[in-house]
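Peer 1: Got chain A sorted already, so can you dock chain B onto it with the hints?
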Amino acid sequence: MKYKLLNFIRQLALMLLVIWTVVSLVTLLIQLVPGDPATGILGETATEEQRANFNHHHGLDKPAFFFSYTNESGLVWNGADNQYVNYWIGVLHGDLGRSFKTDQPVLDMIVARYPATIKLALAAMVIAIGIAIPLGVFTGSRKNSLFDNFGSFVALLGISLPTFVIGPFLVYIFAVQLRWFSPIGSANPEDIVLPAFTLGAALSAILTRMIRSSVIEELGEDYVRTARAKGLSERTVLLKHVLKNGLIPVVTVLGLQLGVLLAGAIITEKIFSWQGLGLLLLEDGINKRDYRLVQGCVLVISVTYILANSLTDYIYKKLDPRIRLS
Amino acid sequence: MNRLFYIGIAIAAVFILAALFAPFIATHDVAAQDLSLRYASSSAVHWFGTDALGRDVFSRVVYGARISLEVGITVVVVSSIIGIVIGSVAGFYGGLIDKFLSGYLFNVFLAFPGLLLAIAVVAFLGAGLGKLILALCIIGWVGYARVMRGQVLKVREYDFVQAARALGASNMRILFTHIMPNAVQPLIVQASLGMAGAVISEASLSFLGLGIPPPAPSWGTMIEESRSFDILYNSPHVFLYPALAIALTVLAFNFIGDGLREYLDPKQRKR
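Chains A and B supply the protein sequences, listed in that same order.
Numbering-wise, our numbering comes out as the position in the first sequence, counting from 1, plus 10.
Numbering-wise, our numbering comes out as the position in the second sequence, counting from 1, plus 9.
Chain A on its own, in the form it takes in the complex (with noise of 0.2 Å):
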């Protein structure tokens, strides 16, 4: 009991270590922007004053960092008012700064535009669970029969074909020729077909080779013998032995997949105009050098997929005892 809790602390440790690191390299990200952000945003035109304005309201006049080093003057302290400090209060008070382009603060942007990603990742990961388990059964209990060879075959072409390959594949051939769905938007409920495919094809893959595998590794067991023994049909023991204990690294995966699932949502949104956070990031974010608002996508987008990935550990650890004891 103890033991686990010092690991459980210990993990936690880890967590808000790598989470400070990813925070900390987001905030010093801007520093690496050539010229300055406000020639960026106000353009070339701008008077000095202007830029001075936009620089303190945004508190791009502070100090980067709590020393700074010039060739004349050497390394120097700059105190606690720096931008990096600022940058941290702000977001330990839910703050993530204002946009530089709309002055809205970014926070609300990213929650305004939060949830249609997160739709979209569930849905893909729906339909990937859908495709992958009949299809990686069926092809692990069939094992090197033509039909498994085939899926084999097509579930590396999903790994290998990219997002942006798949989408307008797609669109082609459901829009353009069979004009069952719109091309792109999020206006109508059968909208999110596409864009759900397209971003959960790589992972209905992946899952299909490892749940085949996993049958193949399972029906070799001692206990798929017994079953049979005891004279269960085939299906019974595939269904409610071998699926049961096979899933079980699936379920890592998937935890691990949701946050590429949300990164990756990124491609897909262009591809369909989704209004999720992707294309929040892409087209009001760096297209138009709001770096602020960059950022903000950047910490929400990598958080979320640090915490996700943690508690997937955590689930993981607790469902199969094999692994809590090593």
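If you're looking for bench data, these hints aren't it; they were derived computationally from the structure.
Just so it is clear, the structure is predicted and the values come from calculations on it, not from any experiment.
Any given hint could turn out to be false.
Straight-line distance between alpha carbons at most 30 Å, and here's what the computed DSSO-like set of lysine-lysine pairs gives [what the hints assert, rightly or not]:
id, chain 1, residue 1, chain 2, residue 2
1, B, Lys163, A, Lys327
2, A, Lys240, A, Lys250
3, A, Lys72, A, Lys298
4, A, Lys298, B, Lys140
5, A, Lys153, A, Lys240
6, A, Lys327, A, Lys14
7, B, Lys140, A, Lys111
8, A, Lys14, A, Lys254
9, A, Lys153, A, Lys129
10, A, Lys328, B, Lys108
11, A, Lys254, A, Lys153
12, A, Lys240, A, Lys254
13, A, Lys254, A, Lys327
14, B, Lys163, A, Lys14
15, A, Lys129, A, Lys72
16, A, Lys250, A, Lys111
17, B, Lys140, A, Lys327
18, B, Lys108, A, Lys72
19, A, Lys250, A, Lys153
20, A, Lys327, A, Lys129
21, A, Lys328, A, Lys250
22, A, Lys240, A, Lys129
23, B, Lys108, A, Lys14
24, A, Lys129, A, Lys328
25, B, Lys163, A, Lys328
26, A, Lys298, A, Lys14
27, A, Lys250, A, Lys298
Peer 2: Just chain B, lined up with the frame of chain A:
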């Protein structure tokens, strides 16, 4: 070796040759526009037709191979060298150094979703070939470092390492001449899959407009320029050929990686 491995080698060879001899294979100048010939379909002159500006799609796909493989190879070489050095140091020295590297640094880099980190770096630095390669190396090295660390941990316990130590070899000599050559084998698999990953990442960033700026014929840019409803409806070939090129390249390196993994891991071969 399974059949798919050889198919992968064959496809990869075609693209590598295309990239090497692009100036001899390409039938047109990649930037030459002919606005009277927009969206022409395949013909004897323009084998893959022309795009929105009347540029020859075949030549652009051929030169696209050059960009893809150039980025892919550079990223794999640079990030594997960084990964090998850091991973070896972590595995060989152990202790606090290992705790810091594998316990903390690896986790930080694994904590960022790969593509997002690359997007963030390019977003703040600006687009361009060099910055793109830098971004992909930053996300790429940790995979090699992890594999290498595990390998070094295993190899350093072998008898020949003890023998070298008994002979009075220095740490550096043991690490570089005895451990590393015996530990790098699984990294070949990683490199092959990493090649596929780098090709996809380059095209993804170019697709998002964050990679190599437009007149350059990157496959990702070509796909981005040709994926609108109208173009897909009227002249799907402009989309089809670059899409096919990237799919085949990635598939080839995945085939090679999978084949090598099975070959190196006899446990998987039986399945």
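Peer 1: Give a verdict on every hint.
Peer 2: Right, here's what the structure says about each hint:
1. B/Lys163 with A/Lys327: This hinted pair holds, its Cα atoms lying about 25 Å apart.
2. A/Lys240 with A/Lys250: holds (14 Å)
3. A/Lys72 with A/Lys298: Given pair A/Lys72, A/Lys298 holds - Cα atoms ~23 Å apart, limit 30 Å.
4. A/Lys298 with B/Lys140: holds (19 Å)
5. A/Lys153 with A/Lys240: Answer holds: A/Lys153 to A/Lys240 is near 23 Å, not above 30 Å.
6. A/Lys327 with A/Lys14: holds (11 Å)
7. B/Lys140 with A/Lys111: Answer holds: B/Lys140 to A/Lys111 is near 25 Å, not above 30 Å.
8. A/Lys14 with A/Lys254: holds (26 Å)
9. A/Lys153 with A/Lys129: This hinted pair is violated, its Cα atoms lying about 36 Å apart.
10. A/Lys328 with B/Lys108: This hinted pair holds, its Cα atoms lying about 25 Å apart.
11. A/Lys254 with A/Lys153: Given pair A/Lys254, A/Lys153 holds - Cα atoms ~19 Å apart, limit 30 Å.
12. A/Lys240 with A/Lys254: holds (18 Å)
13. A/Lys254 with A/Lys327: Given that 30 Å is the threshold and the Cα spacing comes to 16 Å, the pair holds.
14. B/Lys163 with A/Lys14: Judged against 30 Å, a Cα distance of about 28 Å means the pair holds.
15. A/Lys129 with A/Lys72: Violated: A/Lys129 and A/Lys72 sit about 39 Å apart, past 30 Å.
16. A/Lys250 with A/Lys111: Answer violated: A/Lys250 to A/Lys111 is near 57 Å, above 30 Å.
17. B/Lys140 with A/Lys327: violated (40 Å)
18. B/Lys108 with A/Lys72: violated (36 Å)
19. A/Lys250 with A/Lys153: holds (19 Å)
20. A/Lys327 with A/Lys129: holds (27 Å)
21. A/Lys328 with A/Lys250: Distance of about 21 Å is within 30 Å: holds.
22. A/Lys240 with A/Lys129: violated (44 Å)
23. B/Lys108 with A/Lys14: Between B/Lys108 and A/Lys14 the Cα gap is close to 20 Å, so the pair holds against 30 Å.
24. A/Lys129 with A/Lys328: holds (27 Å)
25. B/Lys163 with A/Lys328: holds (29 Å)
26. A/Lys298 with A/Lys14: violated (49 Å)
27. A/Lys250 with A/Lys298: Given that 30 Å is the threshold and the Cα spacing comes to 54 Å, the pair is violated.
Comparing the model with each earlier hint shows violations of hints 9, 15, 16, 17, 18, 22, 26, 27; every other hint is respected.
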